[in-house]
Structure formats: structure tokens, C-alpha cells
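Enquirer: Protein chains in written order, with the working numbering: chain A, 33 to 277; chain B, 33 to 277.
By construction, these hints were calculated from the structure, which means they are not laboratory data.
There could be a bad hint or two in this list.
Copies of the same chain look alike in the list, so a pair counts if it works inside one copy or between any two.
[Unchecked claim] Listed next, the in silico PhoX-like pairs over lysine-lysine satisfying Cα-Cα at most 25 Å (straight line): (1) Lys183 to Lys266; (2) Lys266 to Lys231; (3) Lys231 to Lys203; (4) Lys231 to Lys127; (5) Lys260 to Lys41; (6) Lys180 to Lys41.
Given the structure is predicted, the values throughout are model-derived calculations rather than measurements.
Protein chains: 2
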Amino acid sequence: MSSVIELLKSHRSIRKFTTQPIAEDLFRQLVEAGQGAATSSFLQGGTIIRVRSPESRAQLSVLAGNQSYVQSAAEFLVFCADLKRAGNYCREYGKPFEGDYTEHFIIATVDATLMAQSLVTAAESVGLGICYIGGIRNNPREVSDLLKLPKGVYPVFGLCLGYPDQNPELKPRLPLSVILKDEFYNEDGDAQAIREYDKAVREYYRTRTGGGHGISWSEQVSVLLSEKSRPHMKAFLAEQGFTFR
Amino acid sequence: MSSVIELLKSHRSIRKFTTQPIAEDLFRQLVEAGQGAATSSFLQGGTIIRVRSPESRAQLSVLAGNQSYVQSAAEFLVFCADLKRAGNYCREYGKPFEGDYTEHFIIATVDATLMAQSLVTAAESVGLGICYIGGIRNNPREVSDLLKLPKGVYPVFGLCLGYPDQNPELKPRLPLSVILKDEFYNEDGDAQAIREYDKAVREYYRTRTGGGHGISWSEQVSVLLSEKSRPHMKAFLAEQGFTFR
Numbered sequence: 033m034s035s036v037i038e039l040l041k042s043h044r045s046i047r048k049f050t051t052q053p054i055a056e057d058l059f060r061q062l063v064e065a066g067q068g069a070a071t072s073s074f075l076q077g078g079t080i081i082r083v084r085s086p087e088s089r090a091q092l093s094v095l096a097g098n099q100s101y102v103q104s105a106a107e108f109l110v111f112c113a114d115l116k117r118a119g120n121y122c123r124e125y126g127k128p129f130e131g132d133y134t135e136h137f138i139i140a141t142v143d144a145t146l147m148a149q150s151l152v153t154a155a156e157s158v159g160l161g162i163c164y165i166g167g168i169r170n171n172p173r174e175v176s177d178l179l180k181l182p183k184g185v186y187p188v189f190g191l192c193l194g195y196p197d198q199n200p201e202l203k204p205r206l207p208l209s210v211i212l213k214d215e216f217y218n219e220d221g222d223a224q225a226i227r228e229y230d231k232a233v234r235e236y237y238r239t240r241t242g243g244g245h246g247i248s249w250s251e252q253v254s255v256l257l258s259e260k261s262r263p264h265m266k267a268f269l270a271e272q273g274f275t276f277r
Numbered sequence: 033m034s035s036v037i038e039l040l041k042s043h044r045s046i047r048k049f050t051t052q053p054i055a056e057d058l059f060r061q062l063v064e065a066g067q068g069a070a071t072s073s074f075l076q077g078g079t080i081i082r083v084r085s086p087e088s089r090a091q092l093s094v095l096a097g098n099q100s101y102v103q104s105a106a107e108f109l110v111f112c113a114d115l116k117r118a119g120n121y122c123r124e125y126g127k128p129f130e131g132d133y134t135e136h137f138i139i140a141t142v143d144a145t146l147m148a149q150s151l152v153t154a155a156e157s158v159g160l161g162i163c164y165i166g167g168i169r170n171n172p173r174e175v176s177d178l179l180k181l182p183k184g185v186y187p188v189f190g191l192c193l194g195y196p197d198q199n200p201e202l203k204p205r206l207p208l209s210v211i212l213k214d215e216f217y218n219e220d221g222d223a224q225a226i227r228e229y230d231k232a233v234r235e236y237y238r239t240r241t242g243g244g245h246g247i248s249w250s251e252q253v254s255v256l257l258s259e260k261s262r263p264h265m266k267a268f269l270a271e272q273g274f275t276f277r
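Next comes chain A alone, as it looks inside the complex (with noise of 0.2 Å):
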């Protein structure tokens, strides 16, 4: 078996790092492993800002929800799906840009995903550790400002990387077969596969808060499924120029 299939299997999120900073020729070579991934009819519709200032990592740490690694992380990148790079050409070749069907937000939205996950392959295989941040979308409009982001560009996730001060558990994952459906898809032998791997996860948190009664998987996604989630999304959105057409 690859090492590199050992290596994805083992990531977990890092959220304590050391101070030691990435060497630049590193971060650069991280950045290329990203733009190696592949892109949706070549829009590379992928853009990195690498925010360095520590006044922007303080105010974006608070917009993120208090996650004090995005201050204290060496590297804190925010990723955007850019549909602007590409729009500004229909202008200069005299097309009108109708790039505002959510087929184009999906096809950004994947191309700034893939990007992102190959970097952080590249990064767990020199040995730093990563946390994706969701938690800037809590905030997005105030981010965007901050960051300067035009219209036609959205904050789809923030990504801190250092090297990891800390070593936790593996999170279990669903059973294979919970995931991977033959053919079609069919829930058969799904609710007793997540009643086993429930306990699973309860044992997770228990372990890792010290006692208590931990909680388990559906328990926590029914409690995200049943709640109006990030509802300033769809304006916000809008307000830079995906409309969902």
C-alpha cells in the first residue's frame, strides 16, 4: 500500500502549532502542489489570499468565531472562488458576461475545493498540520471587505497551516459501506451500520473531553440540519454577484 494512502488516512485538523514559520520556498511549492489539481473546464477559478498582517489575522479570528489559531497559525490563507479573473476577458473580447448561473458558483466553488485539498496533501506530507475554517462564513461580508474582495469573488473557506503543537485522535469516519453504494443509491443496512459507528463516535468525544456522555454523529448533524445555517449566505452572495440563476 502507498505511504501517500497512509498519509490521507491519517489526517487530522491541527489546531495548536509551534511558532516555527514555513520557509517560503516550501509555501510556494505547497501553492503549485494546490494548482496542480485538476480545474473544471481549465477556469482555475481558484485565488489564495495569504493574509499576514497580524492586525487581519486578529480581526479575522474573531469574524471566524474566536478560533484563535487563525492568529496563531504560521500561514492563514482564505480561499475564493473567482469567477472575475476569468469574467474580466468577456469584456476584452467583447462577450457579455453571463457568468451567473449556479452552474458557474458550482464550478468555482469545486475549483477552489480541489485546490485547496491538494495543498493540503502537500502540506501533510512535509509534515505540517492544517484546519480548514467554515467559520469565516460566519461572517463573510466583513471578511470580504477585509480582504477586498470584488465582485464576481466569495470566501469559501479559510485554511490555517504550521506545524502541529499537538497530536490527536484520528476522528472515525462512516463505514465504507454507509459511503460507497453499488449501482445505485439505497439506504439497505445504513441505520444499523450508523447505530454501530455512533457508538463509536461517542466514545470519540468521551475520550477526548475526559467523561461525560459525548455525543454521536447523527445527533450532531441532525442538530446542523435542523437549524437556518449561515442564512446571510444567499444575500451575501448576491451582494457579490452569484446570483443562482
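Chain A is already provided as a structure; the job is to place chain B on it using the hints.
Expert: Coordinates of chain B only, in the frame set by chain A:
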């Protein structure tokens, strides 16, 4: 420099495969590597449909815009964004289901994409080739009916996997300065850098097609964004329960 970084920088889409199958144990390891990727709020919102039936493959190949490798690759997977699996537990725990916000669409799409890209890297690390198939969004209704995708699930993209029977050139990527920005979004210098890059892309296409004028990156993406790209997606997604609240 880590060999993983070299691997990630050497990605090319493969569209011609040998007939060699992927060993079942290896295949499962690839999926587990995909599952190792980060997941938003622990949702694990990605589901893979593995299509092996030659009849279904033939249909999908046509539905994706007559891409024959959908049929000929050793494996063809459809990556779905899945809010149904988690949503089932809202009812179970007596909570309302509110999982139809734009934010939920983003996290499920991102989850499916992170999983896919880790699976892809695992595959490439053992000498397999891959090609993402965004073309399944050409006819998402027919694809979803064939794969029996219920409400709360949509097909984000397909993925061909197999042992390569071709060795295409690397496709040049945008200059680093264009996609990586310091502190804030800033287009200074981009136009000039893209002008140079356009030459490299035109040369890449000229070499591949053995003559002709080639097409630059800026021309290519200006077409993509001046077209009503897959305008059916919004209505299709609404049918699947993704209403962008």
C-alpha cells in the same frame, strides 16, 4: 522536496485506459483515503455511487456528452453531495428539517469535493490515472433517475479511474502571482502575466493538435462565462430539495 508534492504537480487528466482492473482491496483503500479528508461540521456529506453495470455505463457515457472513457475506464464513480443521510436524523430526533439553505448546499458540495480529491491523490500515488467528468451535469435529471438519487442528494461530478494508456503533457497553470495574493485581492500585474501565460497555453494546444492557431486561456474562459452554462441546474437542484434559501 517531498515526492508527494512532485506527484501533485504532475497531475494530468487521463482519457485512455488499459483494460486492467483495479484490485478490490486497493479500490477500497482509495475510498478510505478519500474519507480521510476533512469534512465541514463533521457532516460527511459525500456519497459515492460506483457504477459497474455496462448498460448504466453506456447510458452515463452518452448523458455526459459522449465521453467514451466513462464506459471504458476500470471504474466510474459519481460523487454526490448528500444531505439526506444526515437529514434522516432530524425526524429521528424530533427536529424540523431546515437543511435547504445555501450554506448547506455549500458544505455538502465542498465535502464531496474534498473526498474526491483525496481519493484522486491516493489513486495517482499508485499509478492510476483519473478524469473528472463535470459532463454528468449536462443531464443531471437523467443521471439522478438512473442512480435513483433521492431528494437531498445531487450528482456533483463523475470520476473515471484506471491504469493509463496514454502519457499526456502537463497543462500549464496560471502564474503563481495571479492566483496567490498578499493580504487582499489585487489585480496589479495580472493582465501582463496572463498575456504571457496565454502564449504558453496557445503553444500547449498547438503542440497537442499538431498545428492550428491554438486557443489561449483567456479566450477559452471568456467563452465559458459568456454562455448560459447548464441553465437547467437551478431547477434540477430545486427538484432535489436544494432551494438556496
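Enquirer: Run every hint past the structure and note whether it holds.
Expert: Verification of the supplied hints:
1. Taking the shortest Cα distances, Lys183 and Lys266 sit within 25 Å of each other both inside one copy (14 Å) and across copies (21 Å).
2. When the C-alpha separation of Lys266 and Lys231 is checked against a cutoff of 25 Å, the pair qualifies neither within a copy, at 36 Å, nor between copies, at 38 Å.
3. Taking the shortest Cα distances, Lys231 and Lys203 sit within 25 Å of each other inside one copy (13 Å), while across copies they are farther apart (47 Å).
4. Proximity of Lys231 and Lys127 under a CA criterion of 25 Å is satisfied inter-copy only: 21 Å between copies versus 57 Å inside one chain copy.
5. Proximity of Lys260 and Lys41 under a CA criterion of 25 Å is satisfied in neither setting, with 32 Å inside one chain copy and 40 Å between copies.
6. For a Cα distance limit of 25 Å, the shortest separation of Lys180 from Lys41 qualifies neither inside one copy, at 37 Å, nor across copies, at 30 Å.
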